[in-house]
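Q: Put chain B on the given structure of chain U with help from the hints.
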Amino acid sequence: MSDHEKAVLVAEGLQKAYGPRAALRGLSFTLRAGRLLGFLGPNGAGKTTSIRILTTIMEPDSGHFTVDGISHKHPDQIRRRIGVLPESFGLPKQMTGIEYLTYFGQLYGRSKSDAKSVGMELLEEVGLHKRARSLVSTYSHGMRQRIGIARALVNDPVVVFLDEPTIGLDPRGQQELLGLVQQVAEERAAGVILCSHLLSEVESVCDDVVILSSGEIVASGTVSDVIGKTEQNVMRIRVPAESLEEAQRELEAIPAVRKVSAASGMPGWIRVELDDAASEDHQINNRVLETLLRAEIPILSFEPEGGRLQDVFLQLTSGGIK
Amino acid sequence: MSASDARTAPSRASPVWRIVFWRELRDQWFGGKALAMILIYTILLGIYSYLFASNSELQLLPLKQMVLEIVKAAVFVGLFICLIVGADSVSGERERATLEGLLLTPTSRRQIVVGKFLSAVSPWPVALAVAIPYWVVLSKGDVALGHALVWGSIMGTLLAPAFAGIGMLVSVWCNTNKTSMLVSIGVYLLLILPSQYSGLATVTTSTQATDFSNLFQLVNPMGAANRLLHDSIQLNAPFGQLWLWATTPLLFPVIVIAVLCLFVGPGLQLEGGVRRLRTTSV
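In the order they appear, the protein sequences are chains U and B.
Counting along the first sequence from 1, when you hit position 268 you're at 268 in our numbering, and nothing is skipped either side.
Counting along the second sequence from 1, when you hit position 179 you're at 179 in our numbering, and nothing is skipped either side.
For the record, the hints were derived by calculation from the structure and aren't laboratory data.
Any given hint could be a false lead.
Below are the DSBU-like pairs computed for lysine-lysine, each with C-alpha atoms no more than 30 Å apart in a straight line [stated by the list, open to error]: (1) U:K93 to B:K33; (2) U:K93 to U:K130; (3) U:K93 to B:K140; (4) U:K93 to U:K112; (5) U:K6 to U:K73; (6) B:K33 to U:K112; (7) B:K33 to U:K116; (8) U:K116 to U:K93; (9) B:K64 to B:K140; (10) U:K112 to U:K130; (11) U:K93 to U:K73.
Chain U with its partners taken away, still in its complex shape (with noise of 0.2 Å):
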């Protein structure tokens, strides 16, 4: 088994209560090296226990989990072993970039002089090295959150835990930090678990995906196979708003389309759902635009509802919090 095959953390059955409300009911998954696993669920749904347990600030009342092999029994060994961005973390006023991961690195059982080397590195690797002798207090968020992943790898992590490191920034700063997080599991053969809200950019960069809602997991694999789980039979395409209706009746008339909608939260965009047969129906897609077409009607945009994270976190998490 190579190294990026090789599995790192493991969790089988984790489950935890705040008194008589279940957090967990029972997780269960796997990650492996090298690779980036998106960890969504709406609020509440149990992703900040989760990882509360995983990173050894929490116990699980039942289950199992290990990282890098080693139990969850001995939590020292296994925080030597792990890297973490919580979602909020403060830092402190009076320490520059550099001496902020210094002290980490001594904490990790360095010496100052090999931390602070390995802290110029980790500061050239994040972008800041220009900084590093800057208070970090004057660091903007998007620096913050920089200093922050560093400091989550100055013990060269085999798992890094990323709470929405993208929460707050600005697209650009989305853009760079998702690379960044990308070269971390790439280049350092990291398992990297990534929670976050914004659904499009764990799509994008992760490779695998678990989706809790309620302390369980709805769906969990590559994130191609998540998508395929959901319904393929309803598209949604976007037309002009002044030929909204025309479209609608064109639409309407063909015999596989079960009903016509305006896409709720989309607008311009027709919600059509077609008839259960239809799904086996290659040609479907391009009979429907075949009809706006020869009643020149133009076509903005069209997309199958399912083709998209965001429609299956939706259809998972539709309970909402029990």
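A: Same frame as chain U, but now just chain B:
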């Protein structure tokens, strides 16, 4: 040391408590928290001394009593500073969201607590150094100065770790700094107010003091310290009559430090309170 060596046990690294201690010390003194409190302390002590030296009514107090009052003020306010620094040490990090990062490292919770504790005691030597010139000036060369220097230093040095420890114990249990500060101040008042009352009673009617009030003073570390300072500085009592009053200030820090380091420290967790202990997690 290669990158992956950080996953294994350290060899040349400093002990964690020392790393945490230096960082905390720097945070407190360069960050200005302890420095600001010492500055206020210095101003208060200056005003207090000035009043003793210049106020016509206060000047009527016997010199020894004047020295006693300034020593008590210096010691008790110094203890308060240690208490406040201790009370901020854990709950403050919780509020500033810096505790989680620390708990995610493979360091022993006990060592983290020891580092923070030593740093919380650090204002006391500075407070003592600031106070000594005031004691010297006010004593005007009286024999009380010697007692003030010896017993003031000893009482402060014994009780400062105890009060820093109490502040930390409260801080470990509290989720917010506000609660931690309020509870700590409450504990401080609970200890200092009866001691001041007993102190006054002792000053005025020490010969009629009942066994009960003596016992009450003895079990309260502040009361015992108060009585010891009174008997040594004002009454010039020999050591044979003082040792009993030194036992509580001696035992109190031992108990607080033992509870902090042996029971509470290893269970330090992200949320307020103490985690059920498991040998592998400490």
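Q: Of the numbered hints stated previously, which ones are contradicted by the structure, given in increasing order?
A: 3 and 11
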